[in-house]
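S.K.: Read off the chains here:
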Amino acid sequence: MLQVTNLRLGFASGKKMLVAVDGISFVISKGETFALLGESGCGKSATAQGIMRLLPAAGRITDGSVRLEGTELLTLAEADMRQVRGARIAMIFQEPATSLNPVLTVGMQIGEVLDLHCGLRGEPARQRMLELLRQVGIADPERRLDEYPFQFSGGMKQRVMIAIALAGEPDLLIADEPTTALDVTVQAQILDLLAQLQRERGMGMLLITHDLGVVAKMAHRIGVMYAGELVEVASREEFFSRPQHPYTQALFAALPEVSRRGMALTTIPGQVPSLAAMPASCRFADRCTHVMPVCREISPDWRGVAASHTLRCHWSGSTAVVANHTPRMGLGHLMPEMAPFLDVVDLKVHFPIRRGVLQRTVGQVLAVDGVSLAISAGRTLALVGESGCGKTTVGKALLQLVKPTAGSVRLGGSELVGMQGKRLRAARRHMQMVFQDPFASLNPRLRVGEIIAEGMSALGLESDAAAQGRAVAALLKQVGLPDEAAGRYPHEFSGGQRQRIAIARALAVQPELLICDEPTSALDVSVQAQILNLLKKLQEELGVAYLFITHNFAVVEYLANDVAVMYLGRIVERGGAEEVLRSPKHPYTQALLSAVPVPRLDAHSAAIRLPGETPSPANPPAGCHFHPRCPLAIDVCRQRYPETSEISATHTVNCHLAR
Amino acid sequence: MLAYIVRRLLYAIPILIGVNLLTFALFFVVNTPDDMARMQLGVKRVTPEAIEKWKAERGYDKPLLINSGAKGLSTVTDTVFFQKSARMFVGDFGRAEDGRDIAREIASRMGPSLAIALPTFILGLFVTVSFALTLAFFRATAFDFWGVVLCVAMMSISGLFYIIGGQFLISKVWRLVPISGFADGVDAWRFLLLPVLIGVISGIGASTRWYRTIFLEEVGKDYVRTARAKGLPETIVFFRHVLRNALIPILTGVVVVIPLLFMGSLLTESFFGVPGLGSYTIDAINAQDFAVVRSMVFIGSVLYIVGLILTDISYTVVDPRIRFE
Amino acid sequence: MMGFQVVLLWSDMLIWLLVVAGIGVGVLVAKTPPLLAAWRRVGADRVGMAAATVLLAFIAIGLLDSLHYRVQLDGKPGQKASYAVEVLSVLDALAAPLRLRNEKTYSAPFATRLYAKETIDLPGGETLRDYPRLKHGGSHLGEREDAVAADAGLTAFRAGVLALLAWAALAAGAAALVQRGPAAVDASGWQKIWRRETAFAWDAVLLTVGLMLLVVVPLFWLAGQYHVFGTDKVGQDVLYQVLKSVRTGLIIGLVTTLVMLPMAVLLGIVAGYFRGWMDDVIQYIYTVLNSIPGVLLIAAAVLMMQVVIDTHPQWFSTAAERADLRLLALCFILGITSWTGLCRLLRGETLKLRELEYIQAAQAFGVSSWRIIVRHILPNLMHIVIIALVMDFSGLVLAEAVLSYVGIGVDPTMISFGTMINSARMELGREPVVWWSLAAAFTAMFILVLAANLFADAVRDAFDPRAA
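Residue numbers (numbering that gives the first Met the number 0), protein chains in the order written: chain R, 0 to 658; chain Z, 0 to 324; chain G, 0 to 467.
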């Protein structure tokens with residue numbers, strides 16, 4: 000149905016043209032899902048925008064053809080192209096929060112597609128809109144139709160986007176990272192919805208994603224993109240059983256998984272070449288483990304390895320050898336169990352809600368509502384939860400960056416809550432934080448050396464400049480950066496390197512505990528592997544304990560000794576990683592685990608689908624917070640919050656059903 | 000929403016008190032009534048008796064804040080602050096140097112001021128928003144480029160030039176309308192035409208550029224991409240999607256000046272001889288009539304605060320996100 | 000020998016302080032790669048650099064006009080030296096021909112006779128009503144008054160040739176400089192400039208310098224023989240007035256922003272960073288100041304200041320000092336009324352910055368609040384301050400003209416664009432029209448403000464992270 004041939008497009012930058020997509024070709028048939036898989040900056044979104052001819056102002060299509068059922072789209076007059084957009088090809092985007100017009104009602108935004116492409120107006124249009132909203136699973140559509148986007152939650156907004164896309168009854172749906180901005184449980188809902196709609200309508204779908212799990216769940220065929228080129232195209236079965244291209248293999252090997260616990264993850268050395276300096280030979284050559292002289296001279300041609308499997312690579316060695324190269328590393332949890340180094344009891348952080356004429360406090364946002372944790376020296380505790388559950392606030396409250404409302408935080412025996420001035424500063428030596436966004440966590444105006452040394456001087460560790468310089472050099476070496484990095488500025492480093500700098504900064508004061516707040520969620524898979532490896536190595540060498548705040552179960556499985564699952568400001572299940580992940584007792588944990596898309600063929604056993612989304616922490620449901628979404632809820636769940644029940648010496652759960 | 004507006008209204012009270020105290024400090028503490036008397040009487044005629052007489056005639060001979068000589072409540076009320084500053088809250092502005100009642104004068108001059116300021120404001124807003132929208136629609140073309148060049152050139156020209164040049168060309172050389180003056184009733188249009196035209200033209204440069212920036216910012220947003228992906232023509236994308244969102248910052252930015260239109264424009268009114276509040280202010284400044292300047296400062300602040308409140312209200316009207324909070 | 004006494008006016012001090020600060024900032028920028036990169040982007044902007052060249056010429060005039068002295072009067076030896084009441088500047092000395100060759104009243108540009116008829120005594124005792132011959136304008140022509148066009152044209156042509164030669168020398172210098180720079184392999188410096196291959200917008204600068212030379216050299220050459228812009232009511236050369244107005248405009252445009260800068264930056268950051276009651280107080284202060292219409296607050300303050308100046312004549316030894324103090328006071332008043340905008344902008348930006356992770360990382364180390372402000376917040380707000388500084392300049396120059404017209408601007412004795420326009424505008428009513436004063440003032444102001452606006456745009460584009 001859709002045939003893309005040798006599409007080339009680029010972005011004008013001054014007098015030069017930076018080629019972002021260099022001659023890619025693929026086809027999508029009716030009812031098929033073709034996934035474009037690739038890391039950030041590989042040109043997959045530009046491809047989608049090129050097909051729609053919706054490139055940003057600097058973008059130009061320089062060559063190639065895009066045919067939709069025989070019609071060439073690239074030469075179509077703009078007015079005719081508008082008849083294609085929305086009616087024959089529809090598109091949904093990554094950020095549902097910004098992709099809807101904030102000042103128009105949902106009904107108006109769906110209605111304009113109906114008006115334009117189906118000629119529906121007035122009452123028939125309204126009926127059709129209601130039908131569409133029902134199809135995408137929005138309850139009470141009569142009322143919702145006249146509401147504005149800000150009144151919808153994230154997942155609901157994405158459903159509205161899908162309804163808009165479906166309104167023109169398109170033959171092809173382009174989904175550009177449709178679930179990246181959403182929580183796992185919501186992601187599962189949206190993916191199910193997309194798959195179901197596609198089946199019903201026999202639509203073609205171009206799915207753009209970086210997530211192998213999403214690919215495994217959705218795609219029929221997969222194209223892997225690297226640096227503006229397609230490097231491997233294969234059917235789902237072929238792709239997951241016999242990935243051929245070294246890049247694809249490395250992507251798989253870089254995934255953190257439970258089976259790789261204790262091992263270093265495979266990483267891809269180096270970086271994607273920049274658009275301005277693309278080599279004419281194989282673009283992956285510089286990072287490839289199987290590189291041969293020919294790779295550096297000639298760009299490989301397509302060759303078939305099976306009926307539905309082609310790739311561009313000179314190397315024809317066997318598959319899945321990559322994983323064996325990895326050296327075995329010791330396991331963190333082999334360290335002897337000791338008294339907890341950090342002991343948190345009943346920590347609460349409430350933010351007041353002020354309303355009315357006099358701004359009186361009318362309520363509290365219960366961001367953190369009675370969390371208890373313990374971490375022993377040298378161990379890793381993963382704090383898992385979806386967005387808005389309060390896990391980041393816990394991290395900040397531990398460091399006293401946010402003042403806890405109640406509770407106790409004991410670090411190495413001394414109470415931090417209420418501590419002031421000098422003593423608090425001294426206590427901060429023992430605990431530091433690594434943040435999520437490597438771009439916002441380093442001051443762009445300071446040199447790397449100054450950034451790393453900041454903690455040392457603030458806490459009075461190394462006062463003379465020479466000693467400080469030596470310490471900075473040692474730290475840089477420790478996190479795998481060259482000495483001369485100290486004199487450079489953050490903008491000269493990539494995301495992964497910046498995260499290394501942030502880790503070095505935290506380690507500079509030799510803390511015994513590092514709070515890592517989603518340190519890898521902004522990074523690509525291959526870079527994520529590097530950071531995880533580094534964190535593991537540092538734990539081995541320094542015996543530092545981690546509180547790992549994350550929503551990513553793969554990382555938890557790979558890294559954590561203990562796990563605590565958080566829902567709406569409270570911990571609902573806590574225990575050793577094996578216990579919680581293998582035999583989860585809380586229905587929420589069970590649902591979370593089953594919602595994670597697994598990058599394997601055989602992944603999909605009976606999945607538990609949670610309805611709805613996390614309620615607001617300003618107004619948590621009565622009884623068990625989870626009961627409105629719980630598939631197993633009984634009467635007692637609606638009445639009181641469950642006590643903590645012990646499953647084993649280390650495993651506890653707050654659920655009425657888990658006795 | 001009602002609570003929100005009530006809160007904004009309550010917030011205005013301390014600000015008004017602040018303004019009042021500030022003007023009081025400026026007019027009576029930094030410079031004492033003695034200084035003012037000397038200034039008004041002229042250096043030659045200054046004698047202690049003349050100063051005392053001047054002060055007594057105008058009620059400046061009382062103590063500033065607390066009258067320890069008086070009894071009861073009048074320790075506070077029989078003071079310069081209470082008589083001159085605090086009474087402005089109830090619309091009592093006292094008398095000007097020429098003995099006329101300032102409040103009455105203000106009331107009679109508001110009409111001519113509005114007659115010029117209001118059409119200038121409405122027409123100017125329409126012209127600049129349309130021009131900016133056109134530029135943004137043809138963004139990154141030669142039209143847009145030269146439009147911006149024109150705007151920068153126009154905003155680099157002194158406002159005085161527009162007035163003087165306009166008067167010279169249209170009234171003096173072409174003799175199309177009278178140079179200056181004012182009339183009541185229907186006949187006023189001949190006098191209004193030129194000042195309004197000049198007011199609109201002199202505002203084009205800066206405003207158009209500012210609105211164009213707002214439009215371009217909106218055009219870059221994600222929802223515009225969504226609208227295009229629906230297959231909507233660019234005109235609808237612009238008028239239905241971009242314009243509505245861009246109007247939020249534009250409208251709320253201009254609402255604040257609406258009440259200030261009552262104050263008129265200093266330059267235009269004085270050049271065109273319009274008997275409005277603007278020329279009243281200028282005359283007062285030139286005559287160093289402190290009572291009038293003080294009153295105008297106070298009225299201006301009150302109108303500005305009204306504008307702030309109107310801005311808050313207009314937010315609730317145009318932005319559904321605030322309306323439903 | 001003529002002795003002289005250096006006079007350091009307050010505004011001179013501020014302006015030279017500004018120059019020193021500018022050099023200091025320049026050194027600092029050269030050491031800080033991110034800032035240097037931003038300024039390099041400004042340097043690559045052709046329009047911006049052309050505008051900067053024009054601005055530099057204006058600044059040079061202003062600086063020359065900011066070195067003041069008083070000439071020693073002739074006195075008997077042994078007596079205590081006494082000095083002239085008149086305060087002169089280096090510019091006055093350089094432009095002495097312009098300053099001293101006053102006519103009786105109005106005369107048109109390039110005129111040889113006055114603009115008004117007068118009764119002239121003829122040698123024979125008779126009188127005649129005619130336009131009298133100018134004392135200086137075109138006096139070298141003698142009787143050949145009709146030869147003005149030819150003479151002026153020839154002089155302009157000669158001066159133009161000279162200007163071209165000077166420009167060629169400058170251009171050769173620039174080409175040599177470019178050639179010496181790194182990576183000059185295949186092309187000569189001249190070719191590189193021509194093909195726009197240089198990082199710095201040399202072509203724009205050279206073009207602007209060329210145009211300026213072509214206009215300015217003939218103009219000043221001719222100014223020695225004619226009143227190129229005419230003379231005003233008291234017969235003063237209008238070109239001289241334009242030159243003197245530049246300094247006033249520059250001081251109003253630069254010193255005002257500088258006066259308000261420390262307060263706006265400090266209060267804005269403090270309000271945004273500490274929030275709570277400090278934020279409330281600061282917001283209250285600037286809402287109150289903001290709510291008083293600007294012109295009225297300025298009017299009120301200037302009136303008050305005039306009272307102070309008039310009642311304390313003993314403070315000033317010369318008229319120049321009095322005018323200078325009024326100018327400075329005007330800067331302060333304008334500054335106080337206009338700091339609120341920048342303050343609010345900085346407060347909003349600080350609110351955003353303080354939530355950034357690198358600030359929280361610093362807080363996690365227990366770095367003190369003031370150190371965080373100085374190390375982390377202030378450097379990341381500098382671009383807003385710089386943009387505000389250059390954006391405000393043109394508005395303030397324009398505002399000066401309006402305020403002087405209203406009568407609340409600079410001292411009436413101080414030459415500025417505003418006072419020039421104010422004194423000349425009534426003459427538009429004359430028949431025939433006296434247009435040259437107004438035209439000269441408006442044109443000069445237009446060029447200055449346009450250059451400032453264009454330069455401000457270049458700076459904003461280079462520093463605004465959203466634009467990059």
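Calculated directly from the structure, the hints in this document are not laboratory data. Heads up, some of the hints might be wrong.
Straight-line distance between alpha carbons at most 25 Å, and here's what the computed PhoX-like set of lysine-lysine pairs gives [unchecked claim]:
(1) Z:Lys171 to G:Lys116
(2) G:Lys103 to G:Lys116
(3) G:Lys232 to Z:Lys171
(4) R:Lys15 to G:Lys191
(5) Z:Lys70 to Z:Lys54
(6) G:Lys351 to Z:Lys220
(7) G:Lys134 to G:Lys116
(8) G:Lys134 to G:Lys30
(9) R:Lys421 to R:Lys402
(10) R:Lys402 to G:Lys351
(11) R:Lys476 to R:Lys421
(12) G:Lys191 to G:Lys103
(13) R:Lys14 to G:Lys191
(14) R:Lys476 to R:Lys536
(15) G:Lys30 to G:Lys116
(16) G:Lys103 to G:Lys134
Calculated Cβ distances over 10 Å to all of chain Z for the following chain R residues [what the hints assert, rightly or not]:
(17) Ala89
(18) Glu111
(19) Arg302
As the structure is a prediction and not an experimental result, all values here were calculated from the model. Note that the Cβ used here is the ideal one computed from N, Cα and C, for glycine as well.
S.K.: Which numbered hints does this structure break?
M.R.: 8, 11, 12, 15, 17 and 18
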